[in-house]
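In order, the protein sequences belong to chains A and B. Heads up, the first sequence is in the numbering used here, so the first residue is 3 and it goes up one at a time. Heads up, the second sequence is in the numbering used here, so the first residue is 3 and it goes up one at a time.
No lab work stands behind these hints, which were simulated from the structure alone. The reader is advised that the hints may include incorrect statements.
Calculated cross-link-like contacts (lysine-lysine; reagent style DSSO-like; alpha-carbon spacing at most 30 angstroms) [to be verified]: (1) A:K98 / B:K51; (2) B:K51 / A:K73; (3) B:K51 / B:K70; (4) B:K60 / A:K98; (5) A:K59 / B:K51.
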Amino acid sequence: EAQVTQNPRYLITVTGKKLTVTCSQNMNHEYMSWYRQDPGLGLRQIYYSMNVEVTDKGDVPEGYKVSRKEKRNFPLILESPSPNQTSLYFCASSLKLSGNTIYFGEGSWLTVV
Amino acid sequence: AQSVTQLGSHVSVSEGALVLLRCNYSSSVPPYLFWYVQYPNQGLQLLLKYTTGATLVKGINGFEAEFKKSETSFHLTKPSAHMSDAAEYFCAVSTGGATNKLIFGTGTLLAVQP
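Isolated chain A (complex conformation) (with noise of 0.2 angstroms):
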């Protein structure tokens, strides 16, 4: 079954201890992405990768790392989590070019206090 698996789904933190949200699809996508969701605000796009070792930053990459060592696997970093980032999280797949289907993870809670 096609699947784009993060984990944790929920997490309660403290400011500053760091945290990893992975990532992982089997589909074989060069593409991936993380996005956060909020309230009256939808989805914004955290950092993106092309392929492996190729990652950018996307709308919103403040306070945020990413890797991209194995195509798979796309882990979302936060070195010091702050209480703003308190969000809802998403990973994405997909093939690379514009128009193709993109598929979500089931969303990471994160709270940050």
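Based on these hints, arrange chain B on the given structure of chain A.
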């Protein structure tokens, strides 16, 4: 730059009534347009998309949308609402080119009353 506007953050319909969720876009190039649905505590699922060709697009669960270039619209419709349609719906436009980035609207929460 592309943008998406969804009119009505909350829409309520009766079961069996027509569902109409509005989406207008702004794009300097021919757009690719998408509707996604998000059920409670779940990820986003593609309902339908328009890339090229026929402007009336049929999707899953009885939904359809029509691309109207002159009106820059891509409204989502369903003839008869079911209770199971209660969810949040997002319209999105693709920026085109070599990256498959989506620009999302702010979402419309659909409630279906018995």
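Hint by hint, here is what the structure shows:
Of the supplied pair hints, the one linking K98 (chain A) and K51 (chain B) holds, its CA atoms being roughly 16 angstroms apart against a limit of 30 angstroms. Between K51 (chain B) and K73 (chain A) the CA atoms are separated by roughly 26 angstroms; this keeps the pair inside 30 angstroms, and the hint holds. Distance restraint check for K51 (chain B) and K70 (chain B): the Cα-Cα separation of roughly 13 angstroms lies within the 30 angstroms cut-off, and the hinted pair is therefore satisfied. Straight-line distance between C-alpha atoms of K60 (chain B) and K98 (chain A) comes to about 24 angstroms, which keeps the hinted pair within the 30 angstroms bound.
Of the pairs offered as hints, the one joining K59 (chain A) and K51 (chain B) holds, with about 25 angstroms between alpha carbons and a cut-off of 30 angstroms not exceeded.
The structure agrees with every numbered hint stated previously.
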